[in-house]
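Novice: Protein sequences appear in the order of chains S and E.
My numbering applies: residue 1 is where the first sequence begins, and numbers increase by one.
My numbering applies: residue 1 is where the second sequence begins, and numbers increase by one.
Source of the hints: derived by calculation from the structure; they are not laboratory data.
Take the hints with a grain of salt, since some may be wrong.
[Claimed, not checked] Ranges of calculated distance between the beta carbons of each label pair, as one might list FRET restraints:
(1) S:ARG169 to E:HIS289: 32 to 38 Å
(2) E:LYS348 to S:ARG169: 55 to 61 Å
(3) S:ASP141 to E:SER350: 46 to 52 Å
(4) S:GLY143 to E:SER243: 50 to 56 Å
(5) E:ALA202 to S:GLN270: 52 to 58 Å
(6) S:HIS187 to E:MET231: 38 to 44 Å
C-beta: ideal position from N, C-alpha, C; glycine also.
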Amino acid sequence: MSCSVNPYLPDMATVLETVQETPNIKTFRVRLDNPDRMAAFTFQPGQVGQLTSFGAGESTFVINSPPTRMDYLQFSVMRAGEVTSSLHGLKAGDKVGVRAPLGNHFPYESMKGKDVVFIGGGIGMAPLRTLLLFMLDNRKDYGSISLLYGARSPEDMAFRGELPEWLSRSDLNTVLTIDREAPGWEHRVGLIPNVLREMAPKAENCVAITCGPPIMIKFTLQALKELGFADDQIVTTLEKRMKCGVGLCGRCNIGGKYVCVDGPVFTYAQLKELPNEL
Amino acid sequence: MESSMYLPEASLDAWLAELASSHELIVPRREGDAIVFGPYDPSVSPDISRDATAPPKSSVFPACEEIMRYTSVKDTDDLSKTLVHMEEVMPSGSRVVFGARPCGTRGFTVYDRVFDAPAMHDPYYVARRQSTLFVTLACSEAGSACFCHWVGSGPADASGSDVLLVPVKGGWLAEGVSDKGRELLSSPLLTPGEKYAGEAKAAKAKAMESLDSAADLKPAPEALLAVFDDMEFWNRMSAKCISCGACTYLCPTCYCFNITDENKGMEGSRLRTWDNCMSFQFTLEASGHNPRPTKAHRLKNRVGHKFSYYPGLHGGAIACCGCGRCIKSCPAGVDIRQIVLAAMDRAKASRQGNTTGEHA
Numbered sequence: 001m002s003c004s005v006n007p008y009l010p011d012m013a014t015v016l017e018t019v020q021e022t023p024n025i026k027t028f029r030v031r032l033d034n035p036d037r038m039a040a041f042t043f044q045p046g047q048v049g050q051l052t053s054f055g056a057g058e059s060t061f062v063i064n065s066p067p068t069r070m071d072y073l074q075f076s077v078m079r080a081g082e083v084t085s086s087l088h089g090l091k092a093g094d095k096v097g098v099r100a101p102l103g104n105h106f107p108y109e110s111m112k113g114k115d116v117v118f119i120g121g122g123i124g125m126a127p128l129r130t131l132l133l134f135m136l137d138n139r140k141d142y143g144s145i146s147l148l149y150g151a152r153s154p155e156d157m158a159f160r161g162e163l164p165e166w167l168s169r170s171d172l173n174t175v176l177t178i179d180r181e182a183p184g185w186e187h188r189v190g191l192i193p194n195v196l197r198e199m200a201p202k203a204e205n206c207v208a209i210t211c212g213p214p215i216m217i218k219f220t221l222q223a224l225k226e227l228g229f230a231d232d233q234i235v236t237t238l239e240k241r242m243k244c245g246v247g248l249c250g251r252c253n254i255g256g257k258y259v260c261v262d263g264p265v266f267t268y269a270q271l272k273e274l275p276n277e278l
Numbered sequence: 001m002e003s004s005m006y007l008p009e010a011s012l013d014a015w016l017a018e019l020a021s022s023h024e025l026i027v028p029r030r031e032g033d034a035i036v037f038g039p040y041d042p043s044v045s046p047d048i049s050r051d052a053t054a055p056p057k058s059s060v061f062p063a064c065e066e067i068m069r070y071t072s073v074k075d076t077d078d079l080s081k082t083l084v085h086m087e088e089v090m091p092s093g094s095r096v097v098f099g100a101r102p103c104g105t106r107g108f109t110v111y112d113r114v115f116d117a118p119a120m121h122d123p124y125y126v127a128r129r130q131s132t133l134f135v136t137l138a139c140s141e142a143g144s145a146c147f148c149h150w151v152g153s154g155p156a157d158a159s160g161s162d163v164l165l166v167p168v169k170g171g172w173l174a175e176g177v178s179d180k181g182r183e184l185l186s187s188p189l190l191t192p193g194e195k196y197a198g199e200a201k202a203a204k205a206k207a208m209e210s211l212d213s214a215a216d217l218k219p220a221p222e223a224l225l226a227v228f229d230d231m232e233f234w235n236r237m238s239a240k241c242i243s244c245g246a247c248t249y250l251c252p253t254c255y256c257f258n259i260t261d262e263n264k265g266m267e268g269s270r271l272r273t274w275d276n277c278m279s280f281q282f283t284l285e286a287s288g289h290n291p292r293p294t295k296a297h298r299l300k301n302r303v304g305h306k307f308s309y310y311p312g313l314h315g316g317a318i319a320c321c322g323c324g325r326c327i328k329s330c331p332a333g334v335d336i337r338q339i340v341l342a343a344m345d346r347a348k349a350s351r352q353g354n355t356t357g358e359h360a
């Protein structure tokens, strides 16, 4: 990092558009106000950013638009605490601060030529979206691509505007599931690990990318193991409370690894090497 | 200029006044039963009778600092919109900290490795560090909780300092450690000090001898990882802890911080403040999940960071200066030395297949 750059100072940015995805998830499409900074902005799929709601503070979110579509940077925010509640109050034209990109990224280079299965639960779909769209934009580099996306109910499913396209693409096998039957639901019903067992993706030359609530991850790992996936064929991205985002403030470390700089993306093999403190 | 000068005790006040004329001067001052660092007051002599209750860390890493300001204003082109102006706030001025002991000053070398590293340049920390000089006082004898020699330091350790004052007859031998420190010794109040060199050397040796034999902490990094999942051990080690965080606030090497916004109407500030890793809220996530849910988890992380994770990242350097403040000021009697020793014993015993042999 250059000495002239202050890593704590956000770029001023403007909200172009918001999408109320679910009752508690809202998506923000933003552009940095400084056109040179926006033109020079680069990131890799899986990297995160700190969004400021001025007066409320900063929180960390994945940039869930892909680097292949730079009209705006997209963040999806689940309302949970003070900062996220304040962000939910913002509308098009409002100012936000953006400190990005931070952290590491999905190993998309080493996945070239391989099959990929995405397994996302709830807001865990956000970090998968950036890599999924990046791969669809570089479709010839990858083998078969499957997506298993689950939420509690149809109302809790984010990115609904995009689902019809994902379902209709011939080069993407999309499976949607909800936990319990709901009127008008035409897709799967069942917990993600069980639906994954039914889908039975072949482990050979395949990488599984998963993100979701801890309980879903736990049982998804079990299912992947049954399907023959080795620990280094499973990639996940972690969430921790973060403040500085640059490896200093002491919150997000797992032993000597800092999720904000050494992560958030880890293979399951790497996670097993870390002290048990998720 | 000589690199060692003699400072007679009778000239101390005059030298401090001289330093205060060109720098902000920070000295240890008695406040009730405590000795804390604060601005120099010519009418009150600094208290250097013993190590200060709180270390000098706030001189470079303030307990609360403003890192930027922002102001919201109506967009004159479209009154339905609000613009935000941001302004970076950088520290200014230069300081001399007089009278810290070697452990308190050495703490900054722990910070330097993370705040001023090739991969990370914290502009607030670096600005203050580069503009703050330390005139450190070597210790004559060990205190009851001192263990600087366990962590690779000692009562006359000059690391992190600009000048080291070694007690000799009638005053101090002032050893210039850095170029900026040697400049401070150009005052006519100081005289050439060669003839005190032998006495200073003897004083250092005597202070070193006053310390007990040092424990060998080489096995600590691995041992703390080996007992990571042993929550029975950590519950026992943390049984007395009340999660107050006195240890973290008084520690010269603790640097966990928080970043928050504070608003006043249309204006606000972004603040960096010391934080306390012993608090339940420190790692509490918005979902309610907490990766360090009990005091045992939190104490494990604090000890682990200092004696295992940090050394693993920084060439074996221990993130503890051995000052003993956390031991002396703990209201519950938690002793970090005993925890590290017990972890080493526990790890060794479990390698040898028995779980009884343990210090604490």
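Novice: Next, verify each hint and record whether it holds.
Specialist: Here is how each hint holds up against the structure:
no. : hint                             : in the structure
1   : S:ARG169 to E:HIS289: 32 to 38 Å : 35 Å, holds
2   : E:LYS348 to S:ARG169: 55 to 61 Å : 59 Å, holds
3   : S:ASP141 to E:SER350: 46 to 52 Å : 48 Å, holds
4   : S:GLY143 to E:SER243: 50 to 56 Å : 51 Å, holds
5   : E:ALA202 to S:GLN270: 52 to 58 Å : 54 Å, holds
6   : S:HIS187 to E:MET231: 38 to 44 Å : 42 Å, holds
The structure shown violates none of the earlier numbered hints.
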